[in-house]
Every structure is written in structure tokens, then in C-alpha cells.
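**Q** So the sequence lines, in the order shown, correspond to chains A and B. When the first sequence is numbered by my numbering, its final residue is 1528 and no position is left out of the sequence of numbers. When the second sequence is numbered by my numbering, its final residue is 1528 and no position is left out of the sequence of numbers.
Take these hints with a grain of salt, some might be off.
Stated by the list, open to error - Think about it this way: if two alpha-carbon atoms lie no more than 20 Å apart in a straight line, the pair counts; the simulated EDC-like pairs of lysine to aspartate or glutamate are:
| # | chain 1 | residue 1 | chain 2 | residue 2 |
| --- | --- | --- | --- | --- |
| 1 | B | Lys1476 | B | Asp1519 |
| 2 | B | Lys1452 | B | Asp1477 |
| 3 | A | Lys1512 | B | Glu1507 |
| 4 | A | Lys1476 | A | Glu1507 |
| 5 | B | Lys1512 | B | Glu1487 |
| 6 | B | Lys1476 | A | Glu1518 |
| 7 | A | Lys1452 | B | Glu1487 |
| 8 | B | Lys1522 | A | Glu1461 |
| 9 | A | Lys1496 | A | Glu1518 |
| 10 | B | Lys1476 | A | Asp1477 |
| 11 | B | Lys1476 | B | Glu1446 |
| 12 | B | Lys1522 | A | Glu1460 |
| 13 | A | Lys1476 | B | Asp1453 |
| 14 | A | Lys1522 | B | Glu1475 |
| 15 | A | Lys1508 | A | Glu1460 |
| 16 | B | Lys1522 | A | Glu1446 |
| 17 | B | Lys1496 | B | Glu1461 |
| 18 | B | Lys1512 | A | Glu1487 |
| 19 | B | Lys1476 | A | Glu1507 |
| 20 | A | Lys1512 | B | Glu1485 |
| 21 | A | Lys1496 | A | Glu1485 |
| 22 | A | Lys1512 | B | Glu1461 |
| 23 | A | Lys1508 | A | Glu1485 |
| 24 | A | Lys1452 | B | Asp1519 |
Source of the hints: derived by calculation from the structure; they are not laboratory data.
2 protein chains.
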Amino acid sequence: MAKLLQVDFPFTGPFGSEMAGALKDLAVSITEEPGFIWKIWTENASEKDAGGIYLFETEEAAQAYLEKHTARLKGLGVEKVNAKLFDVNEDLSKITNGPV
Amino acid sequence: MAKLLQVDFPFTGPFGSEMAGALKDLAVSITEEPGFIWKIWTENASEKDAGGIYLFETEEAAQAYLEKHTARLKGLGVEKVNAKLFDVNEDLSKITNGPV
Chain A
1429 MAKLLQVDFP FTGPFGSEMA GALKDLAVSI TEEPGFIWKI WTENASEKDA
1479 GGIYLFETEE AAQAYLEKHT ARLKGLGVEK VNAKLFDVNE DLSKITNGPV
Chain B
1429 MAKLLQVDFP FTGPFGSEMA GALKDLAVSI TEEPGFIWKI WTENASEKDA
1479 GGIYLFETEE AAQAYLEKHT ARLKGLGVEK VNAKLFDVNE DLSKITNGPV
């Protein structure tokens, strides 16, 4: 069953198109991670927050990615990464058009 | 621009199909909220957590829903609701097949 990974962390930028330019290659590489299905990139410039919502094929794939990504973020100076791993309630998500 | 609303809270259940049976009418009603696009229902029975990832058409619609939903959750005994509102980085999300 697909697993949803919810990640956010304090981030001072860049945001928007500047972030997209800087992280395009990283985005391409993420699509090649084992078990990866999709990622929505999230950002809040006024709250100085960023993160991502991911869907992975399995819990193991999500956990392995999270370890790798957390280490990468720490290397970029991000000290505190908030991460939660969830099951998807597929019956309810189907009613509300959830893209899973 | 679409806004992503990330919500999670401590929850002791029901989960899975039992949750789906209990909350089906609520799910239908959520699809009728102003500016609603989709919701993925999230749950983690072992961590006793649940929540949702939502896409709304505008920040105002997301904020109005969040106020209504927080009050509803408090009525159900949920004391602490974690909520974050994000912009979506559309360029990066497009690369990673993000459904926005």
C-alpha cells in the first residue's frame, strides 16, 4: 500500500522560481529514487518554511528516502527536519478526489 | 495559485475501513467546501496520528476551511491540531509528477 511522507523544515530561501532554478537537477534525481511515485514541493516565504509531500510505493522506500534527504538537508544547513509517515485512507481519499 | 494545507493531530482511531465507514458523510461534505480541490486522508495507527493533505484554490478558502475543521476536531476531542499552509512550487512539482 502506498505511503505518504510529509516533510517540512525552517528554510530561509531561495523560494519560487529561484528555488526551482537551483534545485532542478535535485528534482530530476528524486524521480529516480526507488519506490518514488510523486512529490509536491511546498514553500512558505513569509513563514520561512519549506518541505514536501511525497507518495512512495512502500514504507521501506519512504524511510530510505527520508534518511537520505534528512542528511542532505543537514548538509545544506537545515537543522530540524519534521517528518511524518502516514498510511493513506484510500476509501475516504477516493471520495475527496485525493490523487493517490 | 493553489494552496496546500497540511494538517495532522493526535488521534486514537478508528482507522482504516472503520474510519472510512464513520466519516463517509463528512468526506462528501468536504468536497462541497468553497475552493476545495482535493484531500488525501492520512493515518498512522501505530503512532496514533491522523490528518489530511488538502489542495485549495486560494489561501482564503484554505484558511476558512481550517478554522471550520479545527473547531470540528476540537468538538471530537482533538486538542492539538498542527496545521501549515504552503504555496506549491509548481516548476519543481511538475518535474516530480506532483498532482497539483
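**Q** With reference to the structure, classify each hint as holding or not holding.
**A** These are the hints, each one checked on the structure:
no.: 1; hint: B/Lys1476 with B/Asp1519; result: violated (34 Å)
no.: 2; hint: B/Lys1452 with B/Asp1477; result: holds (19 Å)
no.: 3; hint: A/Lys1512 with B/Glu1507; result: holds (19 Å)
no.: 4; hint: A/Lys1476 with A/Glu1507; result: holds (14 Å)
no.: 5; hint: B/Lys1512 with B/Glu1487; result: holds (11 Å)
no.: 6; hint: B/Lys1476 with A/Glu1518; result: holds (18 Å)
no.: 7; hint: A/Lys1452 with B/Glu1487; result: violated (26 Å)
no.: 8; hint: B/Lys1522 with A/Glu1461; result: holds (16 Å)
no.: 9; hint: A/Lys1496 with A/Glu1518; result: violated (28 Å)
no.: 10; hint: B/Lys1476 with A/Asp1477; result: violated (25 Å)
no.: 11; hint: B/Lys1476 with B/Glu1446; result: holds (15 Å)
no.: 12; hint: B/Lys1522 with A/Glu1460; result: holds (15 Å)
no.: 13; hint: A/Lys1476 with B/Asp1453; result: violated (36 Å)
no.: 14; hint: A/Lys1522 with B/Glu1475; result: violated (23 Å)
no.: 15; hint: A/Lys1508 with A/Glu1460; result: violated (25 Å)
no.: 16; hint: B/Lys1522 with A/Glu1446; result: holds (15 Å)
no.: 17; hint: B/Lys1496 with B/Glu1461; result: holds (10 Å)
no.: 18; hint: B/Lys1512 with A/Glu1487; result: violated (24 Å)
no.: 19; hint: B/Lys1476 with A/Glu1507; result: violated (26 Å)
no.: 20; hint: A/Lys1512 with B/Glu1485; result: violated (25 Å)
no.: 21; hint: A/Lys1496 with A/Glu1485; result: holds (17 Å)
no.: 22; hint: A/Lys1512 with B/Glu1461; result: violated (26 Å)
no.: 23; hint: A/Lys1508 with A/Glu1485; result: violated (26 Å)
no.: 24; hint: A/Lys1452 with B/Asp1519; result: holds (9 Å)
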